[in-house]
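**Student:** The primary structure of each chain is shown beneath.
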Amino acid sequence: MSSQQMLNHKGETMSWEFRDGLIELVLHRTPCNEIGSRSLADLELFCRALESPTQRAHALIVYSDLKCGFCAGADLRELYEGSQSMAAEDAAKGVRDFLQRIHRVLNLIDAAPMTTIAAVNGVTFGGGLELALACDLIIADKTARFAFPELRLGLIPGFGGIPRLKRDVGNSVVRDLLLTGRSFNTTKAQQIGLVSQVVAEGEALRAARSTAAQLAKFDHQTAVTAKRFIKPIPHEELTQEIEIFCELFSRPAVQAGLKKFVESKDAQPYLP
Amino acid sequence: MPTAEKTLHEILTLAAAHFKVPREKLSPDDDFFKTLGIDSLQALDLLTKLENHFRIELPDYELQGVSDFRTLASKIQVRL
Numbered sequence: 001m002s003s004q005q006m007l008n009h010k011g012e013t014m015s016w017e018f019r020d021g022l023i024e025l026v027l028h029r030t031p032c033n034e035i036g037s038r039s040l041a042d043l044e045l046f047c048r049a050l051e052s053p054t055q056r057a058h059a060l061i062v063y064s065d066l067k068c069g070f071c072a073g074a075d076l077r078e079l080y081e082g083s084q085s086m087a088a089e090d091a092a093k094g095v096r097d098f099l100q101r102i103h104r105v106l107n108l109i110d111a112a113p114m115t116t117i118a119a120v121n122g123v124t125f126g127g128g129l130e131l132a133l134a135c136d137l138i139i140a141d142k143t144a145r146f147a148f149p150e151l152r153l154g155l156i157p158g159f160g161g162i163p164r165l166k167r168d169v170g171n172s173v174v175r176d177l178l179l180t181g182r183s184f185n186t187t188k189a190q191q192i193g194l195v196s197q198v199v200a201e202g203e204a205l206r207a208a209r210s211t212a213a214q215l216a217k218f219d220h221q222t223a224v225t226a227k228r229f230i231k232p233i234p235h236e237e238l239t240q241e242i243e244i245f246c247e248l249f250s251r252p253a254v255q256a257g258l259k260k261f262v263e264s265k266d267a268q269p270y271l272p
Numbered sequence: 001m002p003t004a005e006k007t008l009h010e011i012l013t014l015a016a017a018h019f020k021v022p023r024e025k026l027s028p029d030d031d032f033f034k035t036l037g038i039d040s041l042q043a044l045d046l047l048t049k050l051e052n053h054f055r056i057e058l059p060d061y062e063l064q065g066v067s068d069f070r071t072l073a074s075k076i077q078v079r080l
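Which chain is which? The protein sequence lines are A and B, in order. Reading the first sequence from the start, the letters are residues 1 to 272 in this note's numbering. Reading the second sequence from the start, the letters are residues 1 to 80 in this note's numbering.
Below, a list of computed lysine-lysine pairs in the BS3-like style, where the Cα atoms sit at most 27 Å apart:
1) Lys6(B) <-> Lys34(B)
2) Lys75(B) <-> Lys142(A)
3) Lys25(B) <-> Lys67(A)
4) Lys49(B) <-> Lys20(B)
5) Lys142(A) <-> Lys34(B)
6) Lys34(B) <-> Lys260(A)
7) Lys20(B) <-> Lys6(B)
8) Lys34(B) <-> Lys259(A)
9) Lys67(A) <-> Lys34(B)
10) Lys188(A) <-> Lys6(B)
11) Lys142(A) <-> Lys49(B)
12) Lys67(A) <-> Lys49(B)
13) Lys20(B) <-> Lys142(A)
14) Lys25(B) <-> Lys49(B)
15) Lys34(B) <-> Lys20(B)
16) Lys67(A) <-> Lys142(A)
17) Lys67(A) <-> Lys20(B)
18) Lys142(A) <-> Lys6(B)
19) Lys49(B) <-> Lys188(A)
20) Lys231(A) <-> Lys217(A)
21) Lys75(B) <-> Lys188(A)
To give a feel for the contact side, a few chain B residues facing chain A, derived at Cβ under 10 Å:
22) Leu41
23) Leu44
24) Asp45
25) Glu51
26) Asn52
27) Asp60
Some but not every residue of chain B turned toward chain A, in silico, with C-beta under 7 Å:
28) Glu57
29) Pro59
30) Tyr61
Honestly, the hints are just simulated from the structure, not real lab data. Heads up, the beta-carbon is just placed ideally off N, CA and C, and yes, glycines get one too.
Work out the full structure: start from the sequences and follow the hints.
**Tutor:** Okay, here's the thing in structure tokens:
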């Protein structure tokens, strides 16, 4: 990949652009930015660009180009179909490999030497919320809705969601979100400290750009040092999370839950 | 607290405006998935609109199996 391609890239599931010290990563995989193997490959490519020593940015904004929302989470259809097409042992290995790769990517975004902002709208569920939680700030418009619905499938969030949520909010909130699987709106998200700014519908990107412009005034090294000091990455718990997820994934109840979701004709499959 | 009828009326007006459906085409006992032509993600969008409008929090699991405006209104009414 040329350095120009690293600066600006249009991928199948997402695109990015480096300009004037600001990086914008835009998600655009229909129907709602589900994270599967293609998205992961694009994210890995993006992280290579992010790590490039020739790139120096003060801020990263991650947002969705789709009206339905920021990201509906992991691609459950791909997960289910993948697990059906191979032996259980190979499927378990594939899941572990996928989780380790997505953890590497999200850890890199989490620790990126710049201030990272998730500008979210609409559905921000499961893996989508986990991507947002890897960022330093979440700016949400009034259409945004957040949830960790994994328990309904017999799983826990697997992209680092629990350790990162625990880092940001109180344990009672973590229990409420995880154990009920319910979704909540931006008002609630701001009340519990998950979201830093709430804006009108369609205004999250503008607010994120305005915030990024303010950050550009600060000394870069000071901002990076401050971030390292105030935002530790919970590596040990992240590793534990992968182990717990893999242990749960091997249970027949999970396959049954995935099958039910994928084959559902229910009008409300997204309602936990 | 508004009456149940007023709550129902506000829901119908808000849903019609949001999904650009003539208000007169919506009735309290309609299946809103069918009448509005929406899927589950759009239903969550409607839920968010209603929560913001009524300034309430309505856990989405309370809406499992709910598909008509009248029942939806009763779920909202108890949280006003």
